[in-house]
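First to last, the sequence lines map onto chains A and B.
For the first sequence, the residue numbers in the numbering used here are 19 to 352.
For the second sequence, the residue numbers in the numbering used here are 19 to 352.
Source of the hints: derived by calculation from the structure; they are not laboratory data.
As the structure is a prediction and not an experimental result, all values here were calculated from the model.
Be aware that one or more of the hints could be misleading.
The list treats identical chains as one, so a pair stands whether inside a single copy or across any two.
Here are the simulated DSSO-like cross-link-like pairs (lysine-lysine), alpha carbons at most 30 Å apart as the crow flies [unchecked claim]: (1) 256 <-> 34; (2) 43 <-> 221; (3) 21 <-> 45; (4) 221 <-> 152; (5) 249 <-> 152.
Number of protein chains: 2
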Amino acid sequence: MKKWTIGVDVGGTEIKFGLFGDSLKEKWFIPTNVSEHGSHILPEIAETIVDKCRIFGVDITNLAGVGMGLPGPVPDGNMVRGCVNLGWSNVAAARELSELLAGAFSCQPEDIPVRAANDANVAALGEMWLGGGKSCKSLIMVTLGTGVGGGVVIDGRIYNGASGCAGEIGHIICVDEKDITGNCSCGNRGCLEQIASATGIVKYARHYLDETDIPSVLRELLREKGNISTKDVFDAGKNGDEAAEQIIDTVTKYLGRALAGISAVINPECILIGGGVSAAGEYLREKVAHHFREQAFSELKNTPVRLAVLGNEAGIFGAAYMMISERMREDSIL
Amino acid sequence: MKKWTIGVDVGGTEIKFGLFGDSLKEKWFIPTNVSEHGSHILPEIAETIVDKCRIFGVDITNLAGVGMGLPGPVPDGNMVRGCVNLGWSNVAAARELSELLAGAFSCQPEDIPVRAANDANVAALGEMWLGGGKSCKSLIMVTLGTGVGGGVVIDGRIYNGASGCAGEIGHIICVDEKDITGNCSCGNRGCLEQIASATGIVKYARHYLDETDIPSVLRELLREKGNISTKDVFDAGKNGDEAAEQIIDTVTKYLGRALAGISAVINPECILIGGGVSAAGEYLREKVAHHFREQAFSELKNTPVRLAVLGNEAGIFGAAYMMISERMREDSIL
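Work out the full structure: start from the sequences and follow the hints.
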């Protein structure tokens with residue numbers, strides 16, 4: 019099997035790269051150039067890959083290929099159907115990058131295979147390979163960031179779904195009317211994202227503080243700073259602030275409910291919690307796991323709920339593993 | 019490829035059989051003998067298969083195998099982990115049937131392969147093969163009967179999940195507090211099954227009639243018969259009875275919500291509605307599809323919502339197709 023693989027994680031502000039041999043050998047990033055409808059993105063990815071291969075002495079004949087995570091739906095490993103953050107509409111990203119690299123290395127596109135997938139799905143695969151989901155073959159990862167995303171891994175592979183939208187779990191409607199604050203960005207009401215994203219947690223916290231008069235350090239922070247963050251809410255909760263504890267209990271109740279529903283559909287081996295909000299760590303995990311068990315179907319209550327561990331690097335790990343595992347299957351190692 | 023395959027659908031009161039050649043050639047059933055912890059069930063299945071093979075001139079050398087749907091979780095194609103309806107705890111059903119058939123036919127168990135799966139999953143596969151999901155490779159089927167079950171097909175195969183519980187969608191919590199009537203049989207509150215099963219619809223209808231004083235033909239039926247059925251509710255709705263229409267609107271709102279959530283997880287090619295309640299036909303389908311679109315994530319709104327068409331025969335079709343498709347993959351036809 020060829021020695022080297024490159025994992026690429028394309029985000030709206032930066033593009034991360036990892037060069038993998040037996041393990042992660044080098045990592046680097048470039049800023050995302052979204053000018054001119056993002057038309058420079060793939061050429062600049064190709065350019066930095068060529069540069070780094072020269073610098074690190076990676077011979078093209080020993081490069082198994084490139085895996086790439088993209089912030090949009092990718093039904094088929096190639097074509098991404100719209101990446102608002104990148105200024106892209108439909109782009110055959112994998113094929114185009116393969117052609118750009120072949121041009122630079124003076125070889126055929128089939129000599130440098132490229133596979134693309136949705137970034138949340140890629141991160142979930144990375145966590146399965148070397149992160150919180152190690153030893154699992156099927157898992158769901160919920161990413162609690164500005165929004166709520168999700169990745170689905172089934173039988174050791176990313177599951178894209180019929181149109182690349184598998185894992186869009188931020189838009190599961192699971193919030194009771196009394197806890198809904200306005201409409202979701204998608205236009206619906208009661209989506210998980212409305213209460214469990216970083217933005218949603220703050221919004222719900224302010225709503226809760228408005229509706230009650232329980233004393234709370236969060237009120238003081240609001241007066242002082244004019245705003246509070248998700249971290250403020252979790253810090254207050256960890257310090258025993260009653261209002262913060264109630265807020266977190268409600269947020270994790272709905273998160274547990276959504277994860278219980280997801281488990282009833284695909285019965286994964288484990289559930290992972292990642293994204294910026296998961297910095298709240300074991301305090302958050304324990305509460306989500308509790309509410310998951312409370313609301314899951316009897317046979318599913320023992321599904322482990324764990325923290326993702328690779329952080330921002332999950333994307334490059336998962337992207338590389340898409341290609342590594344494909345090659346291992348070809349060689350009947352997997 | 020061998021000519022014949024047998025599909026078996028094991029239920030709590032009867033066991034259905036189908037003999038498939040190019041198409042369904044013969045079907046029959048036997049009563050389910052649940053005496054002595056269901057220990058006669060597999061021997062009686064073997065016995066009737068041997069009998070019918072003799073009668074229909076099926077030579078054992080030309081039998082590709084037997085597929086079997088069972089009313090319990092089957093993680094691995096063989097072992098069912100508890101079938102309350104059959105009096106079974108853990109039974110290696112596929113292996114045992116294979117050995118019984120080999121004994122009767124005087125051949126080796128590997129000459130008569132048997133594959134088992136959960137009955138709801140098997141029905142979904144049957145609908146994919148020759149029913150409402152024809153031409154789809156991934157689908158979810160919701161079965162609205164005494165309870166609410168579900169089957170998941172991914173890439174043309176049954177998806178069992180890590181412990182055989184994929185598709186337990188009746189226990190997705192999706193009902194708002196105000197519409198919940200008591201606890202679900204699973205102990206939770208607000209499960210889909212509590213409002214969308216045949217039992218649940220009637221229970222919610224009675225609750226609705228108690229809470230309102232809108233005149234309704236359902237009140238008269240309740241006075242006359244002491245009870246109403248799901249069919250009464252749908253018949254009244256089709257005839258423009260205002261209370262029945264409201265009841266059906268609420269039931270289908272939650273069903274649409276659960277199906278929208280499921281789609282956000284696995285993004286299936288299509289969604290099928292089956293089970294006894296689906297006898298309400300296009301009237302039901304149209305309302306579920308409407309509420310699905312209202313609550314689905316934007317990219318998923320166009321997922322087709324269709325009626326299952328094979329009825330009680332979905333199980334024998336799906337059971338046979340488990341084995342037929344396995345053989346086709348072996349022969350690289352699929």
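Here is how each hint holds up against the structure:
{"no.": "1", "hint": "256 <-> 34", "in the structure": "neither (33 Å within a copy, 58 Å between copies)"}
{"no.": "2", "hint": "43 <-> 221", "in the structure": "neither (41 Å within a copy, 62 Å between copies)"}
{"no.": "3", "hint": "21 <-> 45", "in the structure": "within (16 Å within a copy, 56 Å between copies)"}
{"no.": "4", "hint": "221 <-> 152", "in the structure": "neither (34 Å within a copy, 45 Å between copies)"}
{"no.": "5", "hint": "249 <-> 152", "in the structure": "within (28 Å within a copy, 50 Å between copies)"}
The earlier numbered hints that this structure contradicts are 1, 2, 4.
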